[in-house]
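Novice: Chains as they are written, first to last, in the numbering used here: chain P, 1 to 349; chain Y, 1 to 349.
Pairs involving identical chains hold if they fit within one copy or between any two copies, as the list cannot separate such chains.
Mimicking SDA-like on lysine to any residue, the simulated pairs with C-alpha atoms at most 20 Å apart in a straight line are:
(1) 153 / 28
(2) 25 / 144
(3) 181 / 56
(4) 338 / 10
(5) 66 / 56
(6) 98 / 132
(7) 6 / 340
Hints were generated in silico from the structure; no laboratory data involved. Treat the numbers as computed from the prediction; the structure is a model and nothing was measured.
Number of protein chains: 2
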Amino acid sequence: MTEISKLGEFGLINHLTSDIKPKNKETICGIGDDCAVLNYQNRQLLVTTDMLMEGVHFDLTYMPLKHLGYKSAMVNFSDIFAMGGMPKQITISMAISKRFSVEDMEDFYAGLQLACDKWGVDIIGGDTTSSLTGMAISITAIGEASDTPILRKGAQPTNLICVSGDLGAAYMGLQLLEREKAVYYQQLKDNPNDKSDFQPEFAGKEYIIERQLKPEARGDIIAKLNATGIHPTAMIDISDGLSSELLHICTQSHCGCRIYEKELPIDYQTAVMAEELGMNVTTFALNGGEDYELLFTVPIGDKEKIESIDGIQMIGYITEEKYGCQLITRDNNEFEIKAQGWNPLKETK
Amino acid sequence: MTEISKLGEFGLINHLTSDIKPKNKETICGIGDDCAVLNYQNRQLLVTTDMLMEGVHFDLTYMPLKHLGYKSAMVNFSDIFAMGGMPKQITISMAISKRFSVEDMEDFYAGLQLACDKWGVDIIGGDTTSSLTGMAISITAIGEASDTPILRKGAQPTNLICVSGDLGAAYMGLQLLEREKAVYYQQLKDNPNDKSDFQPEFAGKEYIIERQLKPEARGDIIAKLNATGIHPTAMIDISDGLSSELLHICTQSHCGCRIYEKELPIDYQTAVMAEELGMNVTTFALNGGEDYELLFTVPIGDKEKIESIDGIQMIGYITEEKYGCQLITRDNNEFEIKAQGWNPLKETK
Numbered sequence: 001m002t003e004i005s006k007l008g009e010f011g012l013i014n015h016l017t018s019d020i021k022p023k024n025k026e027t028i029c030g031i032g033d034d035c036a037v038l039n040y041q042n043r044q045l046l047v048t049t050d051m052l053m054e055g056v057h058f059d060l061t062y063m064p065l066k067h068l069g070y071k072s073a074m075v076n077f078s079d080i081f082a083m084g085g086m087p088k089q090i091t092i093s094m095a096i097s098k099r100f101s102v103e104d105m106e107d108f109y110a111g112l113q114l115a116c117d118k119w120g121v122d123i124i125g126g127d128t129t130s131s132l133t134g135m136a137i138s139i140t141a142i143g144e145a146s147d148t149p150i151l152r153k154g155a156q157p158t159n160l161i162c163v164s165g166d167l168g169a170a171y172m173g174l175q176l177l178e179r180e181k182a183v184y185y186q187q188l189k190d191n192p193n194d195k196s197d198f199q200p201e202f203a204g205k206e207y208i209i210e211r212q213l214k215p216e217a218r219g220d221i222i223a224k225l226n227a228t229g230i231h232p233t234a235m236i237d238i239s240d241g242l243s244s245e246l247l248h249i250c251t252q253s254h255c256g257c258r259i260y261e262k263e264l265p266i267d268y269q270t271a272v273m274a275e276e277l278g279m280n281v282t283t284f285a286l287n288g289g290e291d292y293e294l295l296f297t298v299p300i301g302d303k304e305k306i307e308s309i310d311g312i313q314m315i316g317y318i319t320e321e322k323y324g325c326q327l328i329t330r331d332n333n334e335f336e337i338k339a340q341g342w343n344p345l346k347e348t349k
Numbered sequence: 001m002t003e004i005s006k007l008g009e010f011g012l013i014n015h016l017t018s019d020i021k022p023k024n025k026e027t028i029c030g031i032g033d034d035c036a037v038l039n040y041q042n043r044q045l046l047v048t049t050d051m052l053m054e055g056v057h058f059d060l061t062y063m064p065l066k067h068l069g070y071k072s073a074m075v076n077f078s079d080i081f082a083m084g085g086m087p088k089q090i091t092i093s094m095a096i097s098k099r100f101s102v103e104d105m106e107d108f109y110a111g112l113q114l115a116c117d118k119w120g121v122d123i124i125g126g127d128t129t130s131s132l133t134g135m136a137i138s139i140t141a142i143g144e145a146s147d148t149p150i151l152r153k154g155a156q157p158t159n160l161i162c163v164s165g166d167l168g169a170a171y172m173g174l175q176l177l178e179r180e181k182a183v184y185y186q187q188l189k190d191n192p193n194d195k196s197d198f199q200p201e202f203a204g205k206e207y208i209i210e211r212q213l214k215p216e217a218r219g220d221i222i223a224k225l226n227a228t229g230i231h232p233t234a235m236i237d238i239s240d241g242l243s244s245e246l247l248h249i250c251t252q253s254h255c256g257c258r259i260y261e262k263e264l265p266i267d268y269q270t271a272v273m274a275e276e277l278g279m280n281v282t283t284f285a286l287n288g289g290e291d292y293e294l295l296f297t298v299p300i301g302d303k304e305k306i307e308s309i310d311g312i313q314m315i316g317y318i319t320e321e322k323y324g325c326q327l328i329t330r331d332n333n334e335f336e337i338k339a340q341g342w343n344p345l346k347e348t349k
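Model the full structure from these sequences, guided by the hints.
Specialist: Written out as structure tokens, the structure reads:
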């Protein structure tokens, strides 16, 4: 392992970025000066940013750095897709403590690059500095807007509410990883001299683990919507849980909604894991967070087009504001939807 | 004091940003959706980002949060100015621990807004989350490029090397603040029951304190250069010390340089403080860091124009690469310039 102090800030940055060459015609200059230079030639651009803190957003006990790099990029791409745009550039800032090596940073950058290659995104700059404690990551993504960026505020009564993929899996993956971590620490505590490798029990649960560690932003859904000629009236990505995001759309659109428990898309592994943990899977489909799926509304006339696309589920419809935001349960009860999603600044105890 | 947990993430963001309205015509949508939407109408844009970590980049013992907000914005504007551009938008991400109150965040945002108002910059988005330990701040600034962004690589032999303002003051301010902090802690230790207010000795040293706590990015110099019709061949802002930045220009321009110790612009208070500390002021003018002045090169034919502008000092000239980078001392000795600037990832012991 190579200590980062051997290279210093500029040496480390050179080492990690010397092979990075801009691919997009919008990227006039990338890494290497005070700023990157971009030219979007009269098209609108999108800007989003996310900060990830060790111990709050990720746990390096079970999150490999390559996955962390991948996920850090994807969560930002997800915001660009949620406006109907395509990501083109990112800046990456990191603060790292002395316990990280040059090889660790190579792993992180490999994951970051993999995500960027998947969507043709250029890494155009950033900042690398030291932290006295945990790792901090901040990514800003810039993308090309579609002719009309899809905002949160455009939903109309009678619009269908659609969700891509399935919900709650990433959160169930997190629960599983936390459970196995606890088992591992207990085993270490009980038998401090047992040097045998710990084998976590992940068999048959690979999907929910992958949803937590290596989420995919749904640019493919944007491409399919464009190909089918569907223009969502409102869209948001699901990072804090379906309930929270649905309330954002309803609040900003001055609408209400009715969604149906039986229509919520839930993967088999998610349901099994919830069962194992004695938890209600619907709660986690609504509030789990980190799904990075797209939630959007379309005019009711687009119903058949939506049905023609694989991987999109209609879960309900938009109502007038006065009817509030309601979940219709399997046994036909109505519950008001509340945001119980992940909220790092809210006291939970 | 209001606990942040009472508001939660979205409540805090709403509270801090509800009065923020975009002022620039390039800002189509600001805060409130998955992304901001910008339109630069066929003009090039500049992107830069900086991360500031508590305990590494700032010490809240003596750095008021309002100043920290101001400085966080200014250090990013400085990078935009260093390309000859004008800042237009920023995103602000922060991670904060439970010891901060809503009022603390208001102070930080007040400073941030003050800096933005000074240069007509819109706050267009960000992320606010929790930290288990210290505060982390990440700002990305976007700006409008001039017709030809001024890169680091354009310096040519015989070009004059120019510096705005004066050097070493911010570092001397830091030394003074650190000294008074040590005195304060010693006093607390010696007399734990002495409740009298500690009065740091800052009289006659206000300038160096302000240079550390409230730096000004030199957009005024860009305006003056434009007004005088001067097009620098290369430019960089001085954040890590003159030596380090000069070497960036020379390396990227494949040039050498000769600068003169007697021409280095040093304020009286900086010199006095260095004297008090028994330190060589030239060392700090070369390597102090956080000056946020502009270092640039101009064709020798612009000499008279440069002399007509207040607050710009010519410190030497660019040479062919084979002559290396040399400092000519007051007693006419030559020393090779080395980057000894602040480098947070380099082992200093």
